Every structure is written in structure tokens, then in C-alpha cells.
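Residue numbers (this note's numbering), protein chains in the order written: chain A, 590 to 890; chain B, 24 to 385; chain C, 4 to 279.
Hints were generated in silico from the structure; no laboratory data involved. The structure presented is a predicted model; accordingly, all values stated were derived computationally and were not measured. One should not assume that every hint holds.
Across the chosen pairs, the derived CB separations fall in these ranges [said to hold, decoys possible]:
id, chain 1, residue 1, chain 2, residue 2, range
1, A, LEU652, B, PHE59, 53 to 61 Å
2, C, ARG64, B, ARG174, 32 to 40 Å
3, C, SER30, B, GLN181, 55 to 63 Å
4, A, ILE635, C, ASP76, 54 to 62 Å
5, B, LEU298, C, SER30, 34 to 42 Å
6, A, LEU851, B, GLN181, 57 to 65 Å
7, B, LEU68, A, PRO602, 48 to 56 Å
8, B, LEU376, A, PRO602, 44 to 52 Å
9, C, ARG123, B, LEU178, 34 to 42 Å
10, B, ASP374, A, ARG622, 37 to 45 Å
11, B, VAL179, C, LYS101, 32 to 40 Å
12, C, ASP144, B, ASP374, 32 to 40 Å
13, C, ARG35, B, LEU298, 24 to 32 Å
14, C, VAL188, B, LEU298, 58 to 66 Å
Residues of chain C placed beyond 12 Å of chain B at every Cβ, according to the derived structure [said to hold, decoys possible]:
id, residue
15, ALA61
16, LYS101
17, ALA257
Yeah, the Cβ is synthetic: ideal placement off N, Cα and C, and Gly gets one too.
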Amino acid sequence: MANVRSWLIDDSPSSRLQARLGRAYRISGALSRNPLAAIGAVIILILILTAIFAPWIATHDPLKQDLTQRLLRPSGINWMGTDELGRDIWSRVVYGARITLVIVVLVAVLAAPAGLVIGAVAGYFGGWIDRILMGITDIFLSMPKLILALALVAALGPGIENAIIAIAITSWPGYARIARAETLTFKNSEFIAAIRLQGASSLRVILGHVLPLCTSSMIVRVTLDMAGIILTAAGLGFIGLGAQPPLPEWGAMIARGRSFILDQWWVATMPGFAIIIVSLGFCFLGDGLRDVLDPKSGEQR
Amino acid sequence: MAFESETLADIATKSVKRRSFRKSRSARLLLGLSGFIVSVLLTFLGLLAITFFIGRVVPIDPVLAVVGDRAPRAVYEAARIQMGLDQPAPIQFIRYVQSILSGDLGTSVSTGKLVLDDLKRVFPATLEMATLGIIIGVLLGVPMGVYAASRRGSLVDQIIRVVGLLGYAVPAFWLGLVGLAVFYARLKWVAGPGRLDIFYDGLVQPVTGIVLIDSLLAGETEIFVNALWHLALPASVLGFFSLAYIARMTRSFMLDQLSQEYVTTARVKGVSERLVIWRHAFRPILVPLITVIGLSYAGLLEGSVMIETIFSWPGIGNYLTVALLNADMSAVLGATLVIGAVFIAINKLSDVLYRVLDPRAR
Amino acid sequence: MSLLEIENLRVTFPTPKGNIDVVRGISFNLDRERLGIVGESGSGKSMTGRAILKLIRAPGRVSADTFRFDGIDLRNQSEKAMRSIRGARISMVMQDPKFSLNPVMTVGEQIAEALQTHKRLPRREIRNRVHTMLEAVRIADPERVATLYPHEISGGMGQRVMIAMMLIPEPDLLIADEPTSALDVSVQAQVLDIIDEQVKRKGMGLIFISHDLNLVSSYCDRILVMNSGTIVEECNAGDLRNATHPYTRGLIAAIPQLNETRDELPVLDRSTWVAK
Chain A
590 MANVRSWLID DSPSSRLQAR LGRAYRISGA LSRNPLAAIG AVIILILILT
640 AIFAPWIATH DPLKQDLTQR LLRPSGINWM GTDELGRDIW SRVVYGARIT
690 LVIVVLVAVL AAPAGLVIGA VAGYFGGWID RILMGITDIF LSMPKLILAL
740 ALVAALGPGI ENAIIAIAIT SWPGYARIAR AETLTFKNSE FIAAIRLQGA
790 SSLRVILGHV LPLCTSSMIV RVTLDMAGII LTAAGLGFIG LGAQPPLPEW
840 GAMIARGRSF ILDQWWVATM PGFAIIIVSL GFCFLGDGLR DVLDPKSGEQ
890 R
Chain B
24 MAFESETLAD IATKSVKRRS FRKSRSARLL LGLSGFIVSV LLTFLGLLAI
74 TFFIGRVVPI DPVLAVVGDR APRAVYEAAR IQMGLDQPAP IQFIRYVQSI
124 LSGDLGTSVS TGKLVLDDLK RVFPATLEMA TLGIIIGVLL GVPMGVYAAS
174 RRGSLVDQII RVVGLLGYAV PAFWLGLVGL AVFYARLKWV AGPGRLDIFY
224 DGLVQPVTGI VLIDSLLAGE TEIFVNALWH LALPASVLGF FSLAYIARMT
274 RSFMLDQLSQ EYVTTARVKG VSERLVIWRH AFRPILVPLI TVIGLSYAGL
324 LEGSVMIETI FSWPGIGNYL TVALLNADMS AVLGATLVIG AVFIAINKLS
374 DVLYRVLDPR AR
Chain C
4 MSLLEIENLR VTFPTPKGNI DVVRGISFNL DRERLGIVGE SGSGKSMTGR
54 AILKLIRAPG RVSADTFRFD GIDLRNQSEK AMRSIRGARI SMVMQDPKFS
104 LNPVMTVGEQ IAEALQTHKR LPRREIRNRV HTMLEAVRIA DPERVATLYP
154 HEISGGMGQR VMIAMMLIPE PDLLIADEPT SALDVSVQAQ VLDIIDEQVK
204 RKGMGLIFIS HDLNLVSSYC DRILVMNSGT IVEECNAGDL RNATHPYTRG
254 LIAAIPQLNE TRDELPVLDR STWVAK
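When you get a sec, could you build the whole thing from the sequences and use the hints?
Written out as C-alpha cells, the structure is:
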């Protein structure tokens with residue numbers, strides 16, 4: 590055991606694998622010493638597990654209506670009570686984890702690479718390409734994100750796919766800014782010059798050497814943005830433009846519980862707690878990751 | 024002798040240099056100003072391009088959206104030409120910009136009125152709520168951030184940090200609902216949805232459109248109190264989000280300041296901790312803080328969209344939500360344009376303030 | 004009784020790997036004289052300076068067997084009592100005026116603050132004393148300079164402002180922590196000269212912290228050489244050539260001479276003293 594550890598924290602790793610594992614070990618060690626980050630990581634892990642094992646964790650069918658069982662208080666059978674159609678809220682919240690995870694992952698997969706490529710290209714080539722790309726980025730950055738997403742979904746038509754597209758369109762500019770800044774710091778470094786001298790093409794330099802160097806600050810930023818993405822998606826669902834019924838999306842569930850908020854408080858509050866916990870989880874984890882991976886950037890976002 | 028003449032020449036070139044430096048400085052200022060104006064104009068043009076794109080390009084067929092899918096061919100064609108959709112896109116865009124500049128935002132399908140008139144009517148309500156919200160956010164958020172930074176690592180600091188993160192994690196509409204359930208229904212501390220109780224409605228002539236001001240102008244203190252009563256909860260909900268953001272940013276600015284050498288200098292002088300914090304650490308962050316407050320204010324205008332429906336608040340957010348659900352695109356784009364323009368204006372204004380107020384940037 | 008008596012002073016910082024002493028039990032006395040502390044970066048010389056003012060920030064800790072200033076036991080002074088000592092009786096000139104002057108307060112405000120913190124005086128008198136003090140540090144146009152912000156003045160002038168600020172309450176002990184290392188060579192001598200003049204005129208004690216052995220030996224009465232948190236050599240400035248510790252000898256050997264015949268300057272051989 591002690592041998593493994595000393596192999597992992599070796600200052601001069603002899604292989605790429607050792608270096609990578611060593612880095613992973615140090616990062617996870619630093620994260621576990623940061624209590625908030627550890628809590629965040631656990632919350633995200635639980636979210637993922639809940640999404641995967643939803644059928645086993647849920648106690649009822651999330652879509653099955655039973656009008657004789659409507660608006661029941663939380664109890665031993667219905668842990669979070671039932672909604673106005675007699676559906677079990679706990680089971681719906683559990684299945685809602687799947688929707689949330691899908692939204693979050695798809696937005697990240699769409700927006701982060703797009704922003705990464707735009708920013709890296711702008712930073713690497715500079716000049717007019719940089720001015721035009723960053724001009725567009727800045728215009729998007731100074732727009733109100735939520736309103737833009739709302740207008741886009743209104744034009745595209747309500748639905749979860751369009752909500753994801755709209756959120757992705759409004760969130761790439763932040764990533765482009767970061768990728769550009771990172772690229773500029775590497776661009777004139779010796780090792781990039783060395784790779785160029787070996788005759789590597791611009792495409793190869795960007796894909797093989799610039800982009801990988803941007804990943805750690807990108808991971809931090811994406812994690813920190815997750816909470817905002819979840820809130821926007823829930824907001825779209827709440828207004829009725831996101832996930833459509835009968836999908837158990839958390840925002841849409843709150844919208845349904847709105848009419849019962851005064852007497853049957855649990856219908857609207859329970860999905861809200863789910864949103865808060867998951868969003869907080871991403872915030873905690875993002876904060877911790879930033880302290881470990883990107884300590885210079887401080888607390889400012 | 025040669026030496027002397029050299030120095031004289033030296034002095035001469037120096038003074039010339041200094042003069043040209045002065046000139047280039049004012050030139051640079053002018054250049055910076057014009058660059059700034061260009062960037063503002065470009066951003067507004069970008070906003071127009073985006074709304075144009077959303078309105079004309081994104082829907083599968085904007086004509087169908089207007090005439091319906093059972094319209095006869097002739098009606099469809101007429102509508103298409105009337106909307107200018109037979110023209111190439113750049114010309115359509117120029118026409119769009121022209122019509123917006125002349126104040127034509129189209130007619131709302133749901134209210135049947137001009138979108139511009141609708142927006143003029145609803146905007147003050149949102150402004151009133153967001154302004155009260157930002158006041159709450161600044162009055163609580165700034166001291167919280169300063170306190171947390173000065174007691175770094177303490178329990179209070181941890182609590183303020185978590186409150187700061189909650190601002191990113193709690194859905195505004197949910198907080199509004201829970202607030203109504205607790206403070207209105209259960210505790211009866213605040214009034215329910217709406218701007219005024221029904222029997223006060225329409226009693227005050229709208230002058231500014233802001234009830235708090237209008238009621239005072241009319242000398243109706245009773246209505247003023249009632250309006251405040253109704254504003255309390257929605258403004259507090261918005262205030263929570265801005266205080267979370269402001270406290271977080273203040274804390275991080277202050278931590279940065281407290282590690283500066285000149286703060287140590289102040290301590291060496293024997294300055295009391297209170298003055299070290301407020302005079303030496305806080306004063307330098309005032310300028311960046313103004314930017315943060317500006318951003319937060321703009322954010323509240325946006326955030327009001329989510330909570331106005333809950334509080335039946337007759338503002339721009341409510342207007343936008345109704346328009347969204349009715350697919351009333353003129354109203355949607357009009358509201359987007361106005362919120363976007365105000366957002367950009369506040370953004371750029373705080374940028375200008377930064378440059379004007381910071382002695383280092385002057 | 005000496006002005007400052009220090010015995011077994013330690014400055015400790017806790018780290019995940021255990022406590023680290025950056026100052027490891029040093030002892031020295033100071034009268035109204037000029038004492039130089041020399042050492043390389045990380046030797047603990049700056050920490051010693053800050054420890055005297057009890058300005059080591061948490062989680063760092065200061066401990067000592069004797070720690071007396073003018074008969075006052077600094078160990079058990081409250082933070083409030085320390086504040087009335089700081090500035091008024093012990094003061095410190097810091098390294099770089101670019102960072103040590105507050106960027107959003109005018110020079111005049113900052114100097115006046117040093118005075119007002121300890122004395123209630125009428126406005127006019129404060130103004131006059133600030134101007135006199137600025138003149139004393141050879142600033143020709145005090146009325147104008149007092150209204151300037153730190154970024155509007157040069158580094159040399161900034162350091163003179165710093166000195167004015169630290170001397171205006173007339174302290175008994177001045178700590179100068181590398182006061183000239185951030186300055187151009189051309190203004191270094193002038194700044195040193197001003198410190199010297201003021202210290203002599205007011206009969207203060209001076210602790211001059213520097214990495215420059217030559218400078219310290221020509222400028223101070225007595226010299227302490229510090230290395231990794233301990234004092235390795237203590238001697239009068241004139242006796243430096245007779246220094247015995249290998250670290251000091253190594254430092255002296257590494258100073259280039261005007262009539263140099265060596266091809267290469269020697270590098271410190273740390274094994275001779277680190278081993279013990």
C-alpha cells in the first residue's frame with residue numbers, strides 16, 4: 590500500500606500513466622480534504638446512481654395515475670406524498686433525476702466543445718479571425734441568457750430537445766472566452782514553438798496540444814455552470830416551454846403544484862428541494878475543483 | 024561647448040516628446056471613447072440580429088405562424104409579400120432595423136395593442152420591483168460580504184458562503200411560491216399577489232407608473248403603505264438573489280484586498296481594525312463593486328420574468344410569459360428586445376462608471 | 004535597559020506536514036542604534052521584523068522567552084494595546100511603494116492618517132505637519148504632492164512618502180524592511196540618506212533589513228546575519244571581515260570587488276554549515 594502511494598506521488602514519474610494516475614490521486618486527495626467539495630461529489634454521485642437505478646429506487650410507477658389517492662400527505666407509503674393525479678411524488682422525483690442528468694450532460698456536450706473550439710481558434714490565429722469571433726462572443730455574453738433561451742424556445746416550439754438546444758446556444762460564449770484566454774497564455778510558449786518546428790499543422794497543434802491544456806479550467810467552469818443550466822431548464826419547464834407532461838421534470842412538477850401551494854405544500858416544494866440539492870452539489874464540487882485545478886482564478890466568476 | 028549644445032537639444036526633444044505625449048493621450052481618450060461607442064452600437068445591432076434571427080429564421084415557416092396552416096394559397100402569398108419574406112435576408116434585416124428604430128415593434132396578438140404601448144405600460148412595475156430588490160441586495164449583501172471576509176473561516180463566514188451558493192442553487196420561482204405559502208398564507212406578514220389590494224386598484228392616477236411614487240405624489244399614504252406591503256415579498260425574493268451574488272463577490276474582493284501590502288501598511292500605522300477594513304480594504308473595491316451591482320441589477324430585471332407570474336405582478340416578465348404561452352412572437356421579441364437593451368445599457372454603463380471613478384484608470 | 008530585548012523568538016506556521024518554524028529562537032538586544040539584519044530570501048529576516056510589530060497573520064504564531072520593548076512586555080499586550088504601540092512607537096518602512104501605498108487615497112491623506120490615528124489635532128496643524136514632514140524627506144513641492152495619488156508619483160518619491168508616513172508620529176524604533184531594493188540604483192542612496200538623517204536627528208533605533216551585505220555593513224553600527232531562521236553571526240559593522248561563520252564568509256567572498264582579479268565568483272557551499 591505504501592509502495593503504491595509513493596509510486597503515485599513520485600515527483601518524477603517514469604511513464605505517462607504514472608503521471609496521470611499521480612495527478613488524479615493528488616486531485617482526489619485535495620478534494621477529499623475540502624469538506625464542501627466532498628459533499629458536492631457525493632451529491633453528484635447519488636444523482637448519477639439515482640438516474641441509473643431509478644426503477645429500483647422508485648417505489649411506484651411515476652406515470653401511473655390513481656385519482657382515489659390524490660394529494661395525499663407524505664407518509665410511509667408515499668414518502669413525498671402524491672400529486673393531483675394521485676402519482677407518487679418520490680417516484681417522480683427519482684425519475685426526474687434522469688431528465689435533469691440528460692439535460693445537463695447534453696448541454697455540456699453541445700456547448701463546451703463549441704466554445705472550446707471557437708475560443709482556441711480565435712486565440713491561436715489572432716488578428717481578424719480573433720476580432721470577429723470574439724466580437725460575436727461578446728455580443729452573446731452581454732445578452733440576458735434566460736430571456737434569450739425563452740425567446741428561442743418560443744420560436745423553436747416547446748419541448749425538452751428545444752430547451753436543451755436553446756440553453757446550449759446561450760451558454761457557449763463563456764467557454765469561448767476561457768478557451769481563448771488559456772490559448773493566449775500557451776500560444777507563445779516554447780513547447781508549442783517546438784511542435785510547430787516539427788512541422789505540425791495548425792489543426793494538429795490546436796487539437797493535440799492547445800485544447801487538452803484548456804480542459805482543466807473548462808471542467809471547473811462547466812461544473813460551476815451546471816447549477817445555472819439546471820435552474821434555466823427548470824424555469825423553462827415551469828413556464829411550460831420545457832419538458833412536456835407527463836414527463837416528471839422537476840420544474841414542470843413545481844408548476845403543477847403551484848395551485849396547491851397553500852394547502853398541499855408538498856406537491857410544489859419536494860421537486861424544489863431536489864433542484865436545490867443537485868444545484869448545490871454542482872456548486873460545491875465546482876468550487877472545490879477550482880481551488881484544486883485553477884487556484885489562481887480566485888472566487889470571481 | 025559641444026556637450027552643452029547636446030543637452031540643449033536633448034531638452035528640446037524632450038519637451039517636444041512631452042507635448043506629443045499629451046496630445047496622444049487626449050487622442051487615445053477620444054479613440055477609446057469612439058471605440059466604446061462603436062462597441063455599444065455593435066452590441067445593440069447584435070441584439071437586433073439575434074431577435075431578427077429568432078423571429079424570421081428559426082420558425083419553420085413564419086407565414087404559417089401568422090395565417091395558420093389552413094389559409095388559402097393566395098392569402099398565404101399575400102401575407103408572405105406583406106411580411107417582406109420574398110426579399111433576400113439582408114434587405115429583410117435592414118427593414119427590420121428600420122422599423123424597430125421608428126418604434127414599430129408590431130402588434131400583440133394576445134392584447135391586440137401595439138407592443139411598444141404594452142411595454143411602456145408594464146415596464147414601470149418591473150422596474151419598481153427590481154429596484155427595491157437591488158436596494159435590499161446591496162444593503163444586506165455588502166456588509167455580509169465584508170464581515171465574512173474579515174472573519175475568514177469562522178462559522179459566520181461559512182454560513183454566508185453557503186447563502187452565497189444558495190443564490191445559484193435555488194430556483195427563483197420556487198422561492199417565490201414557498202415565500203407566498205409561508206409569509207402570506209401562514210404567517211400573514213405580507214400581502215398576497217398583485218400590486219395593490221383590489222379596492223385600491225385604479226385610485227391613483229399613473230404618472231410615473233411606479234405605484235410607490237405615484238401614491239406619494241397624490242398624497243395617498245394609505246395606498247403607499249399597501250403598495251409596500253405587496254412589494255415586500257417579491258422584492259425580498261429578488262433581493263435574496265442579488266444579496267447572494269453581491270455578498271459572494273464582496274467577500275472575494277475583500278479577501279483579495281486584505282492580503283494587499285497597503286493593508287499591512289495601515290496596520291503598521293496602528294489604524295484600528297474597523298478602519299483597516301472600511302477605509303483601506305473596502306474603499307478600493309467600491310469601483311469594481313459598482314460593476315457587480317450593475318450586473319446584479321440587470322440580472323434582477325431578467326429574474327423578474329420567473330417570479331412575476333407567481334406574484335401576478337403586471338410587469339414585463341408576466342407580459343413575456345403570457346406572450347410565450349400564446350406564441351405571440353411580436354410581443355415575445357419586443358419584450359426580449361427591451362429587456363436585452365436595458366441589460367446591455369446597464370452593462371455598458373457600469374463599464375463607463377468604472378473608468379470614470381477609478382483614480383488609477385483616469 | 005535596552006530599547007528592544009528579544010530572547011528565543013520563534014515564528015511558527017502550521018502546515019499539513021506539521022509546524023514549520025520560520026524564525027527559530029533568535030535573541031538580540033537593540034539600543035538607539037542602527038542594527039542591520041542580513042540574510043537571503045526565506046532566512047526569516049522579514050518575519051522577524053513583522054514579529055516585532057506582532058503583525059504575523061493567523062495561523063502563524065509568535066513566541067519568545069523575553070520580548071520587551073522599552074520595558075513593555077509585548078508578549079501579553081492585547082491587540083488594542085499593540086495598536087497604540089504600532090506607528091506611534093514602532094514603525095516599519097516596507098519594500099515597494101507600488102504595493103505598500105493605498106492606491107485610492109491621496110499621499111497627504113495617508114500621511115495624515117498615521118498622525119491622526121494616535122493624536123487628536125486640529126486640521127490646520129495636521130496639514131502643516133504633513134507638509135513639514137514631506138519637506139523633511141526632501142520633497143520640494145509638498146502642497147502639490149500631498150494631493151497626488153500613489154500611481155502619480157515615482158518609486159523613489161513613493162518611498163520617501165512611505166518614510167514620511169512612518170516617521171510623522173515620531174516613533175522610537177523604525178524597522179526598514181528592504182527599503183531600497185525596489186528602487187532604481189540612482190535614488191537608493193538618496194532614500195538611505197534620508198532615513199539616516201531622520202534616525203540620527205530623532206535618536207531612534209533602527210532595524211535595517213536587507214539582503215545586501217555591503218550596504219548593511221557600510222550603513223549600520225551592528226550586523227546580524229540570519230540563515231534559515233537562526234542568527235549565525237553577530238558583530239560590529241567594522242569587524243565583518245573577521246567573521247567566523249562559514250555562511251558569512253561565503254557571502255563576503257561572493258561580493259565582487261572593484262579591483263577584481265577572479266574569473267568567477269564563488270558559489271556558497273552550503274554543506275559546511277547545513278550539516279550541523
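To see whether the hints hold, each was checked on the structure:
1. Remark: the range hint 53 to 61 Å for LEU652 (chain A) to PHE59 (chain B) is upheld by a beta-carbon distance near 55 Å.
2. For the hinted restraint 32 to 40 Å between ARG64 (chain C) and ARG174 (chain B), the CB-CB distance of approximately 19 Å leaves it violated.
3. In this structure the hint that SER30 (chain C) and GLN181 (chain B) lie 55 to 63 Å apart at CB is violated, the actual value being about 41 Å.
4. Take ILE635 (chain A) and ASP76 (chain C): their Cβ atoms lie about 56 Å apart, and the range 54 to 62 Å holds.
5. With their beta carbons about 35 Å apart, LEU298 (chain B) and SER30 (chain C) fall inside the hinted range of 34 to 42 Å.
6. Distance hint check: the CB atoms of LEU851 (chain A) and GLN181 (chain B) are about 34 Å apart, inconsistent with the given range 57 to 65 Å.
7. Between LEU68 (chain B) and PRO602 (chain A) the Cβ separation comes to about 52 Å, which falls inside the hinted range of 48 to 56 Å.
8. Judged by the Cβ atoms, the range 44 to 52 Å given for LEU376 (chain B) and PRO602 (chain A) holds: they are separated by roughly 50 Å.
9. For the pair ARG123 (chain C) and LEU178 (chain B), the beta carbons lie near 37 Å from each other, so the given range of 34 to 42 Å is met.
10. The hinted range of 37 to 45 Å is satisfied by ASP374 (chain B) and ARG622 (chain A), whose Cβ atoms lie roughly 39 Å apart.
11. VAL179 (chain B) and LYS101 (chain C) have their C-beta atoms about 34 Å apart, which keeps the hinted 32 to 40 Å range intact.
12. Separated by about 36 Å at the C-beta atoms, ASP144 (chain C) and ASP374 (chain B) satisfy the suggested range of 32 to 40 Å.
13. Remark: the range hint 24 to 32 Å for ARG35 (chain C) to LEU298 (chain B) is upheld by a beta-carbon distance near 31 Å.
14. Between VAL188 (chain C) and LEU298 (chain B) the beta carbon distance is about 37 Å. The supplied range of 58 to 66 Å is therefore violated.
15. Not every CB of chain B is more than 12 Å from the CB of ALA61 (chain C) (nearest about 9 Å), against its label as outside the interface.
16. At the 12 Å boundary, the C-beta of LYS101 (chain C) falls inside the reach of chain B, the nearest C-beta of that chain being 9 Å off.
17. Every CB of chain B is more than 12 Å from the CB of ALA257 (chain C) (nearest about 30 Å), matching its label as outside the interface.
Hints 2, 3, 6, 14, 15, 16 from the list above are not met by this structure, while the remaining hints are.
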